[in-house]
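If you use the working numbering, the sequence shown corresponds to residues 1 to 71, in order.
Treat the hints with care, since some could be wrong.
[Said to hold, decoys possible] For each label pair, taking beta carbons as the anchor points, the in silico distance ranges come out as:
id: 1; residue 1: E21; residue 2: T61; range: 31 to 37 Å
id: 2; residue 1: E16; residue 2: T38; range: 16 to 22 Å
id: 3; residue 1: L29; residue 2: Y57; range: 20 to 26 Å
id: 4; residue 1: S50; residue 2: G20; range: 15 to 21 Å
Hint data in this document are derived by calculation from the structure and do not stem from the laboratory. Where is the CB? At the ideal position from N, CA and C, for every residue including glycine.
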Amino acid sequence: GGMGHTSNFSCYIAGEDENGELTFDNHALGCSICVDITQDAMRMLDEGNSIAEIREYVDLTYSRFGPSNME
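Construct the complete structure from the given sequences, taking the supplied hints into account.
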């Protein structure tokens with residue numbers, strides 16, 4: 001994505017070292033789109049939707065903000 005993110009996960013996590021220690025990315029703290037995608041995904045998982053269904057919803061809902069990184 002435009003921020004160098006490859007997924008919603010990378011809006012929160014910048015990397016992981018060899019010991020499994022995570023480096024956090026604070027981008028999502030100020031990005032309502034990242035937070036909205038996370039909340040939508042959590043809600044839809046709780047409702048029993050599949051990952052594919054969630055992905056389709058996210059792509060349809062948020063594509064106006066930028067292209068999907070997945071084909």
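- Query: Among the hints numbered above, which are violated by the structure, and what are their numbers in rising order?
  - Reply: 4
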